[in-house]
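Following the hints, put chain W in place on chain R, whose structure we already have.
Residue numbers (the UniProt record's numbering), protein chains in the order written: chain R, 1 to 205; chain W, 1 to 205.
Heads up, some of the hints might be wrong.
Because identical chains cannot be distinguished in the list, a pair is counted as satisfied if it fits within a single copy or across any two copies.
Stated by the list, open to error - In silico SDA-like links for lysine to any residue, alpha-carbon gap of 25 Å or less:
| id | residue 1 | residue 2 |
| --- | --- | --- |
| 1 | K24 | L7 |
| 2 | K24 | D178 |
| 3 | K196 | L158 |
| 4 | K196 | A148 |
| 5 | K203 | D145 |
| 6 | K203 | D171 |
| 7 | K196 | N170 |
| 8 | K143 | L199 |
| 9 | K203 | A144 |
| 10 | K196 | A144 |
| 11 | K115 | R191 |
| 12 | K196 | R113 |
| 13 | K24 | P45 |
| 14 | K153 | R197 |
| 15 | K143 | T200 |
| 16 | K196 | S134 |
| 17 | K71 | S53 |
| 18 | K196 | I147 |
| 19 | K115 | K196 |
| 20 | K58 | E69 |
| 21 | K203 | S149 |
Everything labelled a hint here was simulated from the structure, so no lab data went into it.
Here's the letter readout for the chains.
2 protein chains.
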Amino acid sequence: MYKQRGLLIVLSGPSGVGKGTVRKELFTQPDTNYEYSISMTTRSPREGEVDGSDYFFKSRDGFERLIEEGKLLEYAEYVGNYYGTPLDYVNATLDAGRDVFLEIEVVGAAQVRAKVPDGLFIFLAPPSLSELESRLVGRGTEKADVIASRISKAREELEMMNLYDYVVENDEVTNACDRINAIVTAEHCRRERVEKRYLTMLKGE
Amino acid sequence: MYKQRGLLIVLSGPSGVGKGTVRKELFTQPDTNYEYSISMTTRSPREGEVDGSDYFFKSRDGFERLIEEGKLLEYAEYVGNYYGTPLDYVNATLDAGRDVFLEIEVVGAAQVRAKVPDGLFIFLAPPSLSELESRLVGRGTEKADVIASRISKAREELEMMNLYDYVVENDEVTNACDRINAIVTAEHCRRERVEKRYLTMLKGE
Chain R
1 MYKQRGLLIV LSGPSGVGKG TVRKELFTQP DTNYEYSISM TTRSPREGEV
51 DGSDYFFKSR DGFERLIEEG KLLEYAEYVG NYYGTPLDYV NATLDAGRDV
101 FLEIEVVGAA QVRAKVPDGL FIFLAPPSLS ELESRLVGRG TEKADVIASR
151 ISKAREELEM MNLYDYVVEN DEVTNACDRI NAIVTAEHCR RERVEKRYLT
201 MLKGE
Chain W
1 MYKQRGLLIV LSGPSGVGKG TVRKELFTQP DTNYEYSISM TTRSPREGEV
51 DGSDYFFKSR DGFERLIEEG KLLEYAEYVG NYYGTPLDYV NATLDAGRDV
101 FLEIEVVGAA QVRAKVPDGL FIFLAPPSLS ELESRLVGRG TEKADVIASR
151 ISKAREELEM MNLYDYVVEN DEVTNACDRI NAIVTAEHCR RERVEKRYLT
201 MLKGE
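Looking at chain R on its own, in the form it has when it is part of the complex:
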């Protein structure tokens, strides 16, 4: 049964760009065709958060045991708490031929890129490039310091996006979701991928 391994889709980007909002919107769509990998964390649940739905809530000891056992695809510590992605769930889902979606911080994304080079890495960017473009076009009417600060922000983003395959501007959440879905659809049509499917099938003969 020529089942092709699923795609690992990684959404990341600078903090505050709206990764969580975009991810939630993607998974409220009725035809979302990939599985969300719920993160683990040692932080306490916030009001309304459900274990096994928002996060898997773990003790610090439990989390560190998982690190030692190599059971995390990526992890990082923020403000004294661990956050990470359970490896077994990701592998089992990919092996079943389903795509897996991670929404993680840039530090974690760099770890995943190193371990899964053929993953699909999407950088969610603030609409600063478009804003910068329109500001430059309106040059003369803008203060120099405003433009200078936009330019320096653009340079920072440029550096961060370096290890990603795609850059999606988060101008509107629904636009960002449409672009992400288009990228996933396109990736499934990539010649190398289709070719592999043909070859696996013909070899199976």
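What follows is chain W alone, placed relative to chain R:
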């Protein structure tokens, strides 16, 4: 005005796969965001065909002059008639930052790939891979010669798709169109492309 050059989108595939039907459907959609490059031909107009809309109809002499002057991006001869793509229109449209869509034969697509390596090459494939998959799954109920002929067809397609970036299965015209549009959207989000936009803009400063 940091205008990025448009994308050259090339749709091709084996004859009879339905390239023309898919292209026509794409250009009846209200939000199609690329320009169709009308081909030139020396064959006579068929009933209902309009010069400048279906084709630019040319005399044989006129066409051969364009070949000599290097005014064709690609051309080929079929059944005694020339077909080709006017270069000036394609370049002017790309320079204006608009995407250009060509629907051409595989021979022409190979010429374009050689001249425009960074074009977006989409291979429209018959649903034979899916059919083969379902036939192989139902193995035992299928005659050996039917399976053998499908396999040999799959091998041929595999060889043809080699110079393309994407493979789109034409199972249904609307599905094929959705996939093509997703590929174009995704291509505009490719990191290298967005990066170039940032860099051009920052250098302009």
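What hint numbers does the structure not satisfy?
none
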